[in-house]
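Chain order of the listed sequences is A and B.
First residue of the first sequence? That's 338 in the numbering used here, and the numbers climb one at a time after it.
First residue of the second sequence? That's 9 in the numbering used here, and the numbers climb one at a time after it.
None of these hints come from the bench; they were simulated from the model.
Don't take every hint at face value.
[As the list claims (entries may be wrong)] Simulated pairs of lysine-lysine, BS3-like, Cα-Cα distance not exceeding 27 angstroms:
{"id": "1", "chain 1": "B", "residue 1": "Lys172", "chain 2": "B", "residue 2": "Lys161"}
{"id": "2", "chain 1": "B", "residue 1": "Lys38", "chain 2": "B", "residue 2": "Lys161"}
{"id": "3", "chain 1": "B", "residue 1": "Lys450", "chain 2": "A", "residue 2": "Lys458"}
{"id": "4", "chain 1": "A", "residue 1": "Lys458", "chain 2": "B", "residue 2": "Lys507"}
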Amino acid sequence: MLDQYFGDYITVAAFIAVGALLVGGGMFASSLLRPDKPTKVKSETYECGIDPVGGGWSQSHIRYYIFALLFLIFDVEAVFIFPWAVRIEDFAAAGLGGFIFVEMVIFIVILLLGLVYAIRKGVLRWE
Amino acid sequence: MIDYHALAPELLLAGTVLAVLTVDLLRVEKYWVAVVGLFGLFLSFIPVLTLGFCDTLTFCEDTGTRFLFGESYAVDSFSLVLKALFLGSAFVAVLLSVGYLESDRFWQGEFYFLMLSSVLGAVVMASSRDLVTIFVALELVTGPTFLMAGWRKGDPRSNEAMLKFFIIGVLSAALLLFGMSLVYGTTGELTFAGIRAEAAGIRGGDLEALFTVGVLFTLLGFAFKVSAVPFHFWTPDTYEGSPTPVTAYLSVVSKTAGFVGLLAICYLAFRDATFLWGPALWVLAAASMTVGNLAALRQTNIVRLLGYSSIAQGGFILVPFGAAVAAGVTDVQLEEAFFATVTYLLIYAFMNLGAFAVIIAGGNRLRSAEIGDWAGMFGYAPGLATMLAVFFFSLAGIPPLAGWFAKFVMFRAVLSVGGGWAAALAIIAAVNSVIAFVYYAKVVKSAFMDPAPEHVAVADLARMPTVPSLQFALVLTVAGVIVLGIFPGIIAEIGELTKTFASGF
Chain A
338 MLDQYFGDYI
348 TVAAFIAVGA
358 LLVGGGMFAS
368 SLLRPDKPTK
378 VKSETYECGI
388 DPVGGGWSQS
398 HIRYYIFALL
408 FLIFDVEAVF
418 IFPWAVRIED
428 FAAAGLGGFI
438 FVEMVIFIVI
448 LLLGLVYAIR
458 KGVLRWE
Chain B
9 MIDYHALAPE
19 LLLAGTVLAV
29 LTVDLLRVEK
39 YWVAVVGLFG
49 LFLSFIPVLT
59 LGFCDTLTFC
69 EDTGTRFLFG
79 ESYAVDSFSL
89 VLKALFLGSA
99 FVAVLLSVGY
109 LESDRFWQGE
119 FYFLMLSSVL
129 GAVVMASSRD
139 LVTIFVALEL
149 VTGPTFLMAG
159 WRKGDPRSNE
169 AMLKFFIIGV
179 LSAALLLFGM
189 SLVYGTTGEL
199 TFAGIRAEAA
209 GIRGGDLEAL
219 FTVGVLFTLL
229 GFAFKVSAVP
239 FHFWTPDTYE
249 GSPTPVTAYL
259 SVVSKTAGFV
269 GLLAICYLAF
279 RDATFLWGPA
289 LWVLAAASMT
299 VGNLAALRQT
309 NIVRLLGYSS
319 IAQGGFILVP
329 FGAAVAAGVT
339 DVQLEEAFFA
349 TVTYLLIYAF
359 MNLGAFAVII
369 AGGNRLRSAE
379 IGDWAGMFGY
389 APGLATMLAV
399 FFFSLAGIPP
409 LAGWFAKFVM
419 FRAVLSVGGG
429 WAAALAIIAA
439 VNSVIAFVYY
449 AKVVKSAFMD
459 PAPEHVAVAD
469 LARMPTVPSL
479 QFALVLTVAG
489 VIVLGIFPGI
499 IAEIGELTKT
509 FASGF
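The following block holds chain A by itself, in its conformation from the complex (with noise of 0.2 angstroms):
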């Protein structure tokens, strides 16, 4: 049993192994066909069409941060209520509606004590 779970990994690693040959195949398939002709503008960064404007390392607002981090529990608020609001007939059938809903409010108002808590604590005030 454990030789073959070992062995298992052998699949793993031959994924690995195609899937290195597959990009490093194509990379070098298309230096022997196209035509090679670097200039300074080809080699910048490219950002849109547009022309790159400063360096990479440019600095952004720490409050992106806080700003972000909120995003995020509402993503994740919403990936937990879609298949909620997907099955919530299937137990409202089952005679589970009232109890269902009742779940649901208890988790968003959870999440709005946190939005409201950020509020007070003026977080989401631009200073």
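Based on these hints, arrange chain B on the given structure of chain A.
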């Protein structure tokens, strides 16, 4: 349907966590946050009592052990006793924090929020009966304490304490998960009952080696949590640097939660593998007692001294586990060992919280944790010095204080097993009890007999009052240590209840 009565302590505590956060947002004095927290802890204690005395109550349907969520969550006498212990210790820990947090610009609301979340984890831990639940509970206990350890943001020592605690905590969680994954992989079961059933078939098979590694790594993860030697290096630094109420919390609630997890895993999941965890925990117990006590002898800082002392006490708590090293240990002997560990944990909570309460009260006056500065305390604060003596002698195990009974049941459990290895462990424990007495007595002697150092303003200190919340905590713990020491029958009765757990169900 879900048995809401069985879940009531956890639900009420979770409600309290949210209530504490809400109160913090209102424009009221911050001590209301603590008041709400204390009230919530008291409220969650009520269902623990109604569940415990279910057979005598008319409205309660006595169903014996209540299992929830499959076999993952059990409410039995063991978990109820430990829940009561966690809620009670947390009550004292909150009392200890009140005055401390008011003494400086601390974020009070968040502190109680985090502490109560951590307590919720400990309460869940007492009922966990599968690997996933126990891991989630353990992380819920530990996660908030990382932040609490670094609460004094401006103090580099507090930051150091937090960072060391965090890194070791994450490492131990990784080791624990690795061990659990191997146990799950080899047995194919997550619940403790299932693992126990499957483990019997693994012995002698080609998966035995893998299972052994899994068991040992799981123990290793818990060894970090209970700071057993040689996994203790974070403990003295974290204890010294953290705010003292947090240290009290870490050394009692967080540590007990680790032991509870270890008890449940060893006595339920790995019940038939005593030949694996017995020797491993024998070594940890002997090393923790010896190293903890010898290092404590050299300490000049009283918090650090208690840090090493708590490592040594952890060793004493591990001794009954180590007794299982003998081949062919019977169910009755294992029950005795289990009883000894639970009893020790219950008494340890009282005396260690009390010792920290004294240190916080003394620290508030002296603004110093150096033992030299504590000299002559009897002259200006006789009450405090007397309590210092009570708790330290209890930790040393001097009758008639509660500590003696803890040591007594510990020795009884080991000696009832008999055999060379168990006897050797008993001898190591006995020698260590004597060593421990030296450093506990040294502090007491200094406080009672030595003259106060010159830079201590004795007249000012004599007039300084102790914060009311701290007085309340001191009265609770002193009463506990003295009453339980004189009437050990009370604690024996409670410990007896939990024995059924060790015999399996």
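Hints versus structure:
A distance of roughly 15 angstroms separates the Cα atoms of Lys172 (chain B) and Lys161 (chain B); the hinted pair therefore holds under the 27 angstroms criterion. Taken as a hint, the Lys38 (chain B) and Lys161 (chain B) pair is honoured in the structure, with Cα atoms around 19 angstroms apart against an allowance of 27 angstroms. For the hint pairing Lys450 (chain B) with Lys458 (chain A), the CA-to-CA distance comes to about 48 angstroms; that exceeds 27 angstroms, so the pair is violated. Restraint check for Lys458 (chain A) and Lys507 (chain B): the C-alpha separation of about 49 angstroms exceeds 27 angstroms, so the hint is violated.
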